[in-house]
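Trainee: Letter by letter, the chains look like this.
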Amino acid sequence: MEEDKSSELRPMFCELGCITRADGSCIYSGGDTTVACAIYGPGEVKQNREMIDRSSVEVLYRSRVGLSSIEDRKRELFLEKTCQAAILSALHPRTSISINIQEMQDSGGLVSACLNATCLSLLDSCVPLKFLFAAVTCVVQSDGSVILDPDTKQRSKSKATLVFVFESRTKEAISTHAEGAVSQEKLQQCFIVAKTAVEKIFQFYRVVIGRKFSKDAL
Amino acid sequence: MSLEFRTLQPAQYVRKHIEAGFRPDGRKLSERRPVSISSGHIKSADGSAIVRQGNTTVVCGIKLELSKPATEAPNTGFIVPNVTLPAMCHPSVKSGPPSADAQSLSTFIKEVIESSQLIDPADLCPIPSKAAWVLFIDVICLDHDGNIKDAAVAAVVASLRSLKLPRVEYDSDMEKICVTSDFVELSLRDLVVSSSFAVLDVGSVNLIADPTWEEEERVDSTITLVLFESGDICLTAHSGGLPISQQTLQSAMKLATTQSKEVLKALKLLK
Chain A
16 MEEDKSSELR PMFCELGCIT RADGSCIYSG GDTTVACAIY GPGEVKQNRE
66 MIDRSSVEVL YRSRVGLSSI EDRKRELFLE KTCQAAILSA LHPRTSISIN
116 IQEMQDSGGL VSACLNATCL SLLDSCVPLK FLFAAVTCVV QSDGSVILDP
166 DTKQRSKSKA TLVFVFESRT KEAISTHAEG AVSQEKLQQC FIVAKTAVEK
216 IFQFYRVVIG RKFSKDAL
Chain B
41 MSLEFRTLQP AQYVRKHIEA GFRPDGRKLS ERRPVSISSG HIKSADGSAI
91 VRQGNTTVVC GIKLELSKPA TEAPNTGFIV PNVTLPAMCH PSVKSGPPSA
141 DAQSLSTFIK EVIESSQLID PADLCPIPSK AAWVLFIDVI CLDHDGNIKD
191 AAVAAVVASL RSLKLPRVEY DSDMEKICVT SDFVELSLRD LVVSSSFAVL
241 DVGSVNLIAD PTWEEEERVD STITLVLFES GDICLTAHSG GLPISQQTLQ
291 SAMKLATTQS KEVLKALKLL K
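Taken in sequence, the protein lines are chains A and B.
The letter at position 29 of the first sequence is residue 44 when you use this note's numbering, and the numbering goes up by one with no holes.
The letter at position 108 of the second sequence is residue 148 when you use this note's numbering, and the numbering goes up by one with no holes.
Just so you know, the hints here were simulated from the structure itself, not pulled from any lab data.
Any given hint could be a false lead.
[To be verified] 35 Å max Cα-Cα, derived DSBU-like pairs, lysine-lysine:
1. A:Lys201 to B:Lys83
2. A:Lys201 to B:Lys150
3. B:Lys301 to B:Lys83
4. A:Lys61 to B:Lys204
5. A:Lys168 to A:Lys215
6. B:Lys68 to A:Lys186
7. B:Lys150 to A:Lys210
8. A:Lys172 to B:Lys294
9. A:Lys172 to B:Lys204
10. A:Lys201 to A:Lys172
11. B:Lys150 to A:Lys172
12. B:Lys216 to B:Lys68
13. B:Lys305 to A:Lys174
14. A:Lys201 to B:Lys216
15. B:Lys216 to A:Lys210
16. A:Lys145 to B:Lys294
17. A:Lys210 to A:Lys186
18. B:Lys68 to A:Lys145
19. B:Lys134 to B:Lys56
20. B:Lys216 to B:Lys150
21. A:Lys201 to B:Lys108
22. B:Lys150 to B:Lys170
23. B:Lys83 to B:Lys103
24. A:Lys201 to B:Lys294
25. A:Lys186 to A:Lys172
26. B:Lys301 to A:Lys174
27. B:Lys294 to B:Lys56
All chains, please: the whole structure from these sequences, using the hints.
Mentor: This is the structure we're talking about:
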């Protein structure tokens with residue numbers, strides 16, 4: 016009998032501290048989608064980006080193949096806005112926090128993988144945060160069914176793709192990006208499905224960080 | 041007195057107004073600026089429109105070029121949107137390569153067009169495998185007083201409505217493509233309207249509609265909903281970090297549905 020995998024998140028895996036030169040780093044994968052993230056900061060800032068009252072958060076995203084495109088710029092801006100909200104940048108004025116993301120494999124849900132990898136790397140680098148954030152992707156098929164955390168095959172058959180980013184304190188959405196025609200009711204439905212699923216990701220973060228500080232790791 | 045307050049403490053200035061229940065320009069919190077759209081005035085472009093939303097002014101021009109379709113998609117044409125924020129639109133904008141904001145607006149327009157499927161790609165390919173139209177959609181902001189997204193979407197939809205494609209014939213004996221002077225109307229599958237809100241946390245106020253530049257600067261979070269005429273959602277973009285609850289999302293959708301009716305009326309009057 017086939018299991019109903021449409022409302023489950025794909026298995027997550029994370030390794031912290033793998034990029035040794037960075038202040039914080041991780042390789043995160045959700046299903047087969049894998050992303051590497053390295054954080055340098057708070058550190059020296061370029062004069063044109065220097066802000067006197069807080070740290071400048073900069074996101075650099077590199078896709079697996081090809082030159083940078085404006086798609087990559089859009090992803091960077093989306094990540095940057097979310098990270099700026101999460102980081103207590105007022106604690107480190109006149110510095111920059113540089114977030115570098117490398118796409119390693121895209122099997123669906125790439126943007127959420129980038130966001131989750133960023134949050135884990137921020138935890139690894141001990142940059143002060145207001146809250147943790149976690150992202151979930153879901154798709155709406157042409158028959159109206161909602162699939163959580165789609166893989167490439169499910170994504171190619173979908174009518175609409177929705178990405179929700181939630182924060183850990185209030186469990187409300189701090190960023191949303193939805194493409195493709197959906198009715199207003201369907202959008203609400205996907206919001207609820209995503210909000211229920213994001214709990215598992217926050218639990219996963221606890222497990223990963225617990226592992227980092229546990230005595231067994233030494 | 042209030043000019044000093046406005047210059048020295050702009051965030052407080054905006055906040056105090058919102059706490060009192062209205063905006064610095066006198067609008068109610070959920071009121072959108074009046075929109076005026078006119079199309080077809082730029083004769084050198086194949087399709088054009090100018091949109092004014094309060095002080096925000098956006099011009100859109102569409103140029104057509106004939107090209108060979110891609111081998112993997114022999115029945116589809118190309119749509120290339122580009123948004124430019126020239127240095128004249130606002131004192132804070134400097135000349136040079138497109139800023140991250142301009143690039144993000146270009147991808148936003150591209151997503152709206154793809155997501156809404158406004159144009160049937162087959163309409164853009166008069167002779168499959170041989171001739172396909174490339175639509176260069178250029179959006180230029182002349183005056184930036186906040187909320188370029190909404191004005192840009194309205195300008196793009198209006199110019200697409202004014203666009204006429206020349207009829208293309210293929211002479212198989214001579215193997216030549218001729219562009220005739222007859223025109224074929226480009227029929228749009230639907231109309232879309234964008235509604236942007238600034239997300240706040242001032243007392244019980246969560247949303248203000250159609251923020252001006254002054255308000256946009258003082259607010260970190262915005263949410264944009266692009267709706268079809270039927271009320272279905274074509275695109276949702278929310279970023280910035282202030283959390284929104286389901287109730288706020290619902291009020292945003294309701295407001296967007298009511299407000300888009302005015303813009304739809306203006307768009308329909310054009311033809």
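Trainee: Which of the numbered hints above does this structure break?
Mentor: As far as the earlier hints go, 1, 4, 12, 14, 15, 21 are violated by this structure, in ascending order.
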